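Join the two chains, each given in its own frame, into one complex according to the hints.
Here's the letter readout for the chains.
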Amino acid sequence: MSATIEPVIGRYLHMDYAGRRYRVYFETAGSGIPLVCLHTAGADGRQYRGLMNAPAVTERFQVIAFDMPWHGKSSPPDGWQDEEYRLTSDAYVGTIMAFIDAMGLERPVVMGCSIGGRVVLHLAHRHPRAFRALIGLESSAHVEPYYDTSWLHRGDVHGGEVAAGAVSGLIGPNIAPAERWETLWHYMQGGPGVFKGDLYFYGIDGDIRRQLPEIDTTICPLYLLTGEYDYSCTPQDTLAVGRAVPGAKVTIMKELGHFPMSEDPARFLQYLEPVLHEIAERG
Amino acid sequence: MAVVTGGSVDLDGFAARIATLAERVNGDAALLRRGRFLTTVLQLLVGEEFFLVRIVDGRIAETRRGGLTTGDFAMIAEPSVWHRLLATDPPPGDHDFLAFYKRKELRLAGDIHPLMAHLLYFKGVLAKLREDAR
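Protein chains in written order, with this note's numbering: chain H, 2 to 284; chain X, 7 to 140.
The shape of chain X in the complex, shown without the other chains (with noise of 0.2 Å):
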């Protein structure tokens, strides 16, 4: 699957990535136990282009591109951020969605709580999609 193009995250890949995420978290035993009380929609931004995630139980439910629905919480960067947090085997400081936050290469805007209560589970999640460019 071609899913990065020029140092930047080709869109139709990442959401093609996305698409898969549901099986790709569902399937896994521990992370869902991880976040078997965690039901939010996380929004994530991809420069202007925009994704949900919706999760109930810890399940993923629902994905999609676009639409209208916020979530509850976003996390925000430009394509060529994404492109190196989605990395197979990303350069030191380029490994962790912290790293980036703390850069100020990547935000989070809306009510994090659900983030922050399951942190462990959404990093599992992100590396589910990292997962996907192997």
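Just chain H, with the same shape it has in the complex (with noise of 0.2 Å):
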């Protein structure tokens, strides 16, 4: 097989944020209107590659996939090794706002899954102006914690093994193993106690039911797409936030779970075209 270089360029943003500066990683192949990507609690932007190497993707839209402070290639902030890690709602819209300012992204699209999917809710709630549409993957407005989060971070359990084995049951039975251990890898290359850190966001701090009836989708659409696989964010959840939010349209995914993008790219093209085609048409 002959060798091949990917039309994804990366590329490290410096950029300030509640009085910290922070170096990010961002990648990016496309141009036109910016659908700007958020990766999962404790894994990064390389889920994302799938649809930076779709042309159906990348002809009408600049892909950028950032990668939180914390995450991936993205440093922690100075002073990060006096203190624990541990994601809000605030600082998730703060950073995910500011990375937009600081790379002056103009009504961008926004599409984030699972504790993206949440902040896509966030971001529809606090600021439907600043979006040209929001698309929610795996959105759910409250998961309940399931299992005891502590065993994500300890000295005696490697952290980026049970990251992986508490997500592993997420994706659908059916994924081809490449692209099924390639999700896996990414959980296992969290940084220490990141991935609970965010899960504090996903369990507790995030938690959007009552604020769901004031999200208006007039000035902002709303879509939301979930995996029929996922037990973690449920159909029935996302279900649940599309009966909430009036104008929200809900698509559930055959054979795809909590990671679709990282899963199985091109069933997920399936089902994010026709949305991608709308928001493009809508202008």
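It is possible that part of the hints are untrue.
[As the list claims (entries may be wrong)] Capping the alpha-carbon separation at 20 Å, the derived lysine to aspartate or glutamate pairs in DMTMM-like fashion look like this:
{"id": "1", "chain 1": "X", "residue 1": "Lys129", "chain 2": "H", "residue 2": "Glu183"}
{"id": "2", "chain 1": "X", "residue 1": "Lys110", "chain 2": "X", "residue 2": "Asp63"}
{"id": "3", "chain 1": "X", "residue 1": "Lys129", "chain 2": "H", "residue 2": "Glu162"}
{"id": "4", "chain 1": "H", "residue 1": "Lys255", "chain 2": "X", "residue 2": "Asp100"}
{"id": "5", "chain 1": "X", "residue 1": "Lys110", "chain 2": "H", "residue 2": "Glu145"}
{"id": "6", "chain 1": "X", "residue 1": "Lys108", "chain 2": "H", "residue 2": "Asp149"}
{"id": "7", "chain 1": "H", "residue 1": "Lys250", "chain 2": "H", "residue 2": "Glu229"}
{"id": "8", "chain 1": "X", "residue 1": "Lys108", "chain 2": "H", "residue 2": "Asp208"}
{"id": "9", "chain 1": "X", "residue 1": "Lys129", "chain 2": "H", "residue 2": "Asp208"}
[What the hints assert, rightly or not] Residues from chain H that keep clear of chain X, each with C-beta distances beyond 12 Å, as calculated:
{"id": "10", "residue": "Ser32"}
{"id": "11", "residue": "Asp157"}
{"id": "12", "residue": "Ala164"}
{"id": "13", "residue": "Gly228"}
The set of hints was computed from the structure by calculation and includes no laboratory data.
Computed from a predicted structure; not experimentally measured.
Backbone N, C-alpha and C define an ideal beta-carbon position, used for all residues, glycine too.
Okay, structure coming up:
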């Protein structure tokens, strides 16, 4: 097989947020409407590798996936060694808004998965006019913690191994081994305590049930796509969000689980393309 | 092998699956490598009945139905839940033991450190039990 180079460019952005300096890694491909992609808890932007390499997307959209601080190739802030990482709703929304501002993106589309699928609901509630549209993958308003997350960060359990074990069943059972294990590898590479810190937002601080009826989809369209095999954010959870937010459009995706863009990019694109087409046509 | 009847695990069939577990696990080099530092005793409670799986350095050293020995930790569920958990090609939501744990249909008891430190290994072992239904 001949060597190939992907049309994906990776760069580092230096930006300020809440009085601290951050070195943030992002990858981008394509041109057109900016499409900012948010990875799941404890992972990084590589989850969007399929999207970055899909001409059907990159012909009309500039796909931009950044690693949240502490994740992937983004550094934690100066002094991290003396603090416990814990993601809050305010910090998550603030970091995303700071990234968009620092990059000079005008009314981008934001698509996030899992914690990213949750935070797009917060973005829709707090900053609806800042976005052309919002896409939530595996979106829920709240998920009650169902296991003790302290297992994810302790000296006598390998954090990467337990994180991968905790999420492995969230992948559709018929997903190809290469994509399954690529997805799990990202989890195995997470920094100590980072997955656990993200789950603070997912299971505790990010509860947005009460605010859902206040989201106005006439200002910013909201699309929700969830894999049928996701037992963390279940299809029922997403359908509940759809019922609570007038105008939200819900799609349940066959064969896919909690990481649709990473599990089977081609299958995921079958569901995403009509959404992106509608957004592009809407202007 | 008739292993399931009427939406509930047939205990004799379950015992037959457990009996072939050592052969299936010990023949999987990748799974053995994943569990190479693991030595523990797992107890599977199927309703009132229990089964023991003794693991030494990742290898299944012994399996037993009943007896007096207790495990380091236990996985506990009703026969109907084990039936769904071990089904071939289970529907969404029944495809991973943590899904049952989330819904409180399966309980864990004892010191679950060996389980949490080797989650992927144990999921591999459970998959071997599921394979027997094919």
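A quick look at each hint next to the structure:
no. : hint                  : result
1   : X:Lys129 <-> H:Glu183 : holds, 18 Å
2   : X:Lys110 <-> X:Asp63  : violated, 30 Å
3   : X:Lys129 <-> H:Glu162 : holds, 12 Å
4   : H:Lys255 <-> X:Asp100 : holds, 15 Å
5   : X:Lys110 <-> H:Glu145 : holds, 12 Å
6   : X:Lys108 <-> H:Asp149 : holds, 11 Å
7   : H:Lys250 <-> H:Glu229 : holds, 16 Å
8   : X:Lys108 <-> H:Asp208 : holds, 18 Å
9   : X:Lys129 <-> H:Asp208 : violated, 30 Å
10  : Ser32                 : holds, 37 Å
11  : Asp157                : violated, 7 Å
12  : Ala164                : violated, 9 Å
13  : Gly228                : violated, 8 Å
Going through the hint list in order, the structure does not satisfy hints 2, 9, 11, 12, 13.
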